[in-house]
Amino acid sequence: MKILVPTKRVPDTDQKIVAAADGLSVAVEHLPFVVNPFDAIAVEEAVRISERSTDTEVVAVGIGGEGYDQQLRTALAMGATRGVHVQTAHALDPWNVARLLRAVAEREQPDLILMGKQAVDDDANQTGQFLAALLDWPQATFASRLELLEGEIRVDRETDHGIETIRLPLPAVVTTDLRLNEPRYASLAGIMKAKKKPLDVIAAEELDVPLEPRVEVLRYSSSDTKRRGERVSSVKELMERLEAASVL
Amino acid sequence: MTQAKTADVVIIGGGVAGLSTAMQLAGRGASVQILERERLGNGSTGRAAGLLGQLRGNAEHTRMLIDGVTIVRELEETAQVEIFVPTGSLRIAEVPERAAEISALVEMGKSIGFDIDHMEISEVARHMPYMRTDDLIDACYCPTDGHLQPAELVSAYIKVGKQRGVEYKTNTPVTEIMVDGGRVRGVRTPEGEYHSSVVVNAGGPWSYLNAELADTVLPTAAIGHYYLTTRPDANHPVDRLSPAIRDRQLRIYTRPESGGLIVGIYDEEPELHDMRKLPVDFDMSRMKAARDSIQVARLIDAAHQRFPWIDERTPMTITTGIMTFTPDARPFCGKMPNVEGLFHCSGFSGHGIVQSPAIGLIMSQLILDGASTYDVESIEADRYFDMPGYLKRGDIESKCVTMAGNYYGKVERPEPVAGAQSA
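So the protein sequences, as listed, match chains A and B. Here the first sequence stands for residues 1 to 248, where the numbers follow my numbering. Here the second sequence stands for residues 1 to 423, where the numbers follow my numbering.
Since the hints were derived computationally from the structure, they do not count as laboratory data. The beta-carbon is built from N, C-alpha and C at its ideal position, and this holds for glycine as well. Incorrect hints may appear among the rest.
[What the hints assert, rightly or not] Straight-line distance between alpha carbons at most 30 Å, and here's what the computed DSS-like set of lysine-lysine pairs gives:
| # | chain 1 | residue 1 | chain 2 | residue 2 |
| --- | --- | --- | --- | --- |
| 1 | A | Lys196 | A | Lys16 |
| 2 | A | Lys236 | B | Lys159 |
| 3 | A | Lys195 | B | Lys5 |
| 4 | B | Lys162 | A | Lys236 |
| 5 | B | Lys288 | A | Lys195 |
| 6 | B | Lys288 | A | Lys197 |
| 7 | B | Lys277 | B | Lys169 |
| 8 | B | Lys159 | B | Lys5 |
| 9 | B | Lys288 | A | Lys16 |
| 10 | B | Lys169 | B | Lys5 |
| 11 | B | Lys392 | B | Lys410 |
| 12 | A | Lys2 | A | Lys236 |
| 13 | B | Lys277 | B | Lys110 |
| 14 | B | Lys399 | B | Lys410 |
| 15 | B | Lys410 | A | Lys16 |
| 16 | A | Lys236 | B | Lys169 |
| 17 | B | Lys110 | B | Lys410 |
| 18 | B | Lys410 | B | Lys288 |
| 19 | B | Lys159 | B | Lys169 |
| 20 | B | Lys399 | B | Lys288 |
| 21 | B | Lys277 | B | Lys288 |
| 22 | A | Lys196 | B | Lys110 |
| 23 | A | Lys193 | B | Lys288 |
| 24 | A | Lys16 | A | Lys197 |
| 25 | B | Lys162 | B | Lys5 |
| 26 | A | Lys16 | B | Lys277 |
| 27 | A | Lys195 | A | Lys2 |
| 28 | B | Lys5 | B | Lys110 |
| 29 | B | Lys277 | B | Lys399 |
[Claimed, not checked] Residues from chain B shown here face chain A by an in silico Cβ test under 7 Å; the list is partial:
| # | residue |
| --- | --- |
| 30 | Lys159 |
| 31 | Arg286 |
| 32 | Val296 |
| 33 | Glu312 |
| 34 | Pro315 |
| 35 | Val376 |
With the rest of the complex left out, here is chain A (with noise of 0.2 Å):
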């Protein structure tokens, strides 16, 4: 069994994410970058079913500039088998990544494609249904368990409503959500594996996808934080104060 794992690498957002100087982007100085972590929870889910059944092969995939093949290192050395770095300087959007996916999933003709169910730093929800819609592939998204069968998938859905049951056949594109399963850190001896596992360098234009954005950022600018609360003495003078203010 193939299974493709796209990864996104992102900001740390728990620490404070504020616009550059010039409104076109995040200010990145000294921000630790990350593994998505919903990337990193399909990373582990993957790994986990590479675990219980030998002859299972996990591709970890990151499309975008420098830095990606640290990203995939740390998937490699959480137990992916091997690494595809599509290689572009270019703006994406999830549209542009899902197209640059499908091309992936059609070199690599996985088995089931597990990624996170949106990244962090755009919060987009969308490249994975994007992509089942391109491929023409069944999708299950925001998955807080999943079961293999026979030639197919069975996984629980987080939703509004509460927790939907469905079963896909495979080949299918699912996303995890949180509850999903948490991931391990890379053990002394994953990591010693990981730099001798494959990691291929592609360029995005060998794969043929002509990258047309869809999105547009106009501007960045940061929420002011500054807490605009103010402290009173006593439950009676917070009685004073709202009664004041007619919310009483």
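Once you have looked at the hints, place chain B on chain A.
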């Protein structure tokens, strides 16, 4: 710009060092202003495991830690909060060098009347059913050791400090230390100036940058640290009061935490952090380890050797933070000759939580009396002042990294106690 505020003492840093010092100073009637760049107790303090091993290689240091527990007991009464968890501690040895360390420690401890003794490995196994013991050749047990809960300690320092009139300002970085003719006269922040003839640099990993604001070289460095916390596992129950463990050969320490186990490592190749190259408004409590961090991998590997049920797939959180190390792992407490009124209080090298109760007292004595009732020679701030090899940032960092890397690695030889006497 708002009008300048005045206080008897301005303290840069709202971690345990600054908070303890503030509380003690205010208890003696001083007006104290704490200036914290982010949130109180949210730096190194908030990442600490708080293990308390009272018996150190030096008798005075031991005395400070033991007295610290007395201060903590008083704080527990006043603030009505449990800070000290009396788990006792076990030091274990799997090779002859470490067994020799243990024997020397037991001998030294007994000579000062400290409660410590060798423990049979079979009894160690009974205390620690979830730990591998078949390779151990010696162990010693200190029943009066345990750990201090950092969050509870912080809240107690603040509660008592507030009662005594300490003022706290958060989200307020200090951008300048104002010095006139060799005397400090206050600090500058984006919110305005604070005037004082005494300023305390309790900035933890940032302390060397604070010192530079006053043209002073402070030989501290910011060293990365890691520990894991396992989730409670019904197959491997960890009793809340099971002993803390120190396994110096594997470079790990452990203690119980919320039904799981904390395992921390003093890695042989720790990371050095450049505190000038941090994200905007850096929040240490949200620092993450890289998924393929070699230090984390070594931590898990060492943990696995002592606790075979722990491996990279065990449900756990990895906590990473920054410690402030010095070339000899002893803090800098006091003044330097070049600036009157500027007191340094940092460099606790992974033992800030447990040293903070006594250090706060010592700092208040140094500031208000010019001297301390403790022998502070080993923690004097000026012990490397103007010393070649301790002037350039690169040299200082290299020495601190070496110290941190050897912290558990080097075989310890406790200092001989001059004339064995009961404490």
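Quick rundown of the hints versus the structure:
1. With a C-alpha separation of about 36 Å, the suggested pair lysine 196 (chain A) and lysine 16 (chain A) falls outside the 30 Å cut-off, and the hint is violated.
2. Only pairs whose Cα atoms come within 30 Å are accepted, and lysine 236 (chain A) paired with lysine 159 (chain B) is accepted, the gap being roughly 22 Å.
3. Taking the CA atoms of lysine 195 (chain A) and lysine 5 (chain B), the gap is near 58 Å; set against the 30 Å cutoff, the hint is violated.
4. Among the hinted pairs, lysine 162 (chain B) with lysine 236 (chain A) is consistent with the structure: their alpha-carbon atoms are about 21 Å apart, no more than 30 Å.
5. Between lysine 288 (chain B) and lysine 195 (chain A), the direct Cα distance comes to roughly 23 Å. Compliance with the 30 Å bound is thereby established for this hinted pair.
6. Our distance criterion of 30 Å between C-alpha atoms is met by lysine 288 (chain B) and lysine 197 (chain A), whose separation comes to about 26 Å.
7. At roughly 24 Å between alpha-carbon atoms, lysine 277 (chain B) and lysine 169 (chain B) fall within 30 Å of each other, so this suggested pair holds.
8. Straight-line distance between C-alpha atoms of lysine 159 (chain B) and lysine 5 (chain B) comes to about 23 Å, which keeps the hinted pair within the 30 Å bound.
9. Note on lysine 288 (chain B) and lysine 16 (chain A): the hinted pairing holds, with a Cα-Cα distance of about 13 Å set against a maximum of 30 Å.
10. With a C-alpha separation of about 12 Å, the suggested pairing of lysine 169 (chain B) with lysine 5 (chain B) holds against the 30 Å cut-off.
11. For the given pair, lysine 392 (chain B) sits about 25 Å from lysine 410 (chain B) by alpha-carbon distance, which is consistent with the 30 Å threshold.
12. Using a Cα cut-off of 30 Å, the hinted pair lysine 2 (chain A) and lysine 236 (chain A) is violated, with the two alpha carbons roughly 65 Å apart.
13. About 47 Å separates the Cα atoms of lysine 277 (chain B) and lysine 110 (chain B), which puts this hinted pair outside 30 Å; it is violated.
14. For the suggested pair lysine 399 (chain B) and lysine 410 (chain B), the alpha carbons sit about 15 Å apart, so the restraint of at most 30 Å is met.
15. Of the pairs offered as hints, the one joining lysine 410 (chain B) and lysine 16 (chain A) is violated, with about 39 Å between alpha carbons and a cut-off of 30 Å exceeded.
16. Distance restraint check for lysine 236 (chain A) and lysine 169 (chain B): the Cα-Cα separation of roughly 25 Å lies within the 30 Å cut-off, and the hinted pair is therefore satisfied.
17. Between lysine 110 (chain B) and lysine 410 (chain B) the CA atoms are separated by roughly 23 Å; this keeps the pair inside 30 Å, and the hint holds.
18. Pair hint lysine 410 (chain B) plus lysine 288 (chain B) holds up; C-alpha atoms about 28 Å apart against a cutoff of 30 Å.
19. Between lysine 159 (chain B) and lysine 169 (chain B) the alpha-carbon distance is near 15 Å, which keeps this suggested pair within the 30 Å criterion.
20. At most 30 Å may separate the alpha-carbon atoms for a hinted pair to count; lysine 399 (chain B) and lysine 288 (chain B) meet this at roughly 26 Å.
21. Between lysine 277 (chain B) and lysine 288 (chain B) the alpha-carbon distance is near 16 Å, which keeps this suggested pair within the 30 Å criterion.
22. Among the hinted pairs, lysine 196 (chain A) with lysine 110 (chain B) is inconsistent with the structure: their alpha-carbon atoms are about 54 Å apart, more than 30 Å.
23. Between the alpha carbons of lysine 193 (chain A) and lysine 288 (chain B) the distance comes to roughly 23 Å, so the proposed pair stays at or under 30 Å and holds.
24. Of the supplied pair hints, the one linking lysine 16 (chain A) and lysine 197 (chain A) is violated, its CA atoms being roughly 35 Å apart against a limit of 30 Å.
25. A threshold of 30 Å between alpha carbons decides the hint, and for lysine 162 (chain B) with lysine 5 (chain B) the separation of about 18 Å falls inside it, so the pair holds.
26. Distance check on the hinted pair: lysine 16 (chain A) and lysine 277 (chain B) sit about 14 Å apart at the alpha-carbon level, within 30 Å; holds.
27. Simply put, lysine 195 (chain A) and lysine 2 (chain A) have alpha-carbon atoms about 21 Å apart, close enough for the 30 Å limit, and the pair holds.
28. With a CA separation close to 51 Å, the supplied pair lysine 5 (chain B) and lysine 110 (chain B) exceeds the 30 Å bound.
29. With a C-alpha separation of about 20 Å, the suggested pair lysine 277 (chain B) and lysine 399 (chain B) falls inside the 30 Å cut-off, and the hint holds.
30. Residue-level restraint check for lysine 159 (chain B) is violated (minimum Cβ-Cβ distance to chain A is 16 Å; threshold 7 Å).
31. Below 7 Å, beta-carbon pairs count as interface contacts, and arginine 286 (chain B) has one with chain A at about 4 Å; its hint therefore holds.
32. Hint on valine 296 (chain B) holds. Least Cβ distance to chain A is approximately 5 Å, under the 7 Å limit.
33. Because the closest C-beta pair between glutamate 312 (chain B) and chain A is about 4 Å apart, less than 7 Å, the hint holds.
34. A distance limit of 7 Å between C-beta atoms decides the matter here; for proline 315 (chain B) the minimum to chain A is near 6 Å, and the interface restraint holds.
35. Because the closest C-beta pair between valine 376 (chain B) and chain A is about 37 Å apart, greater than 7 Å, the hint is violated.
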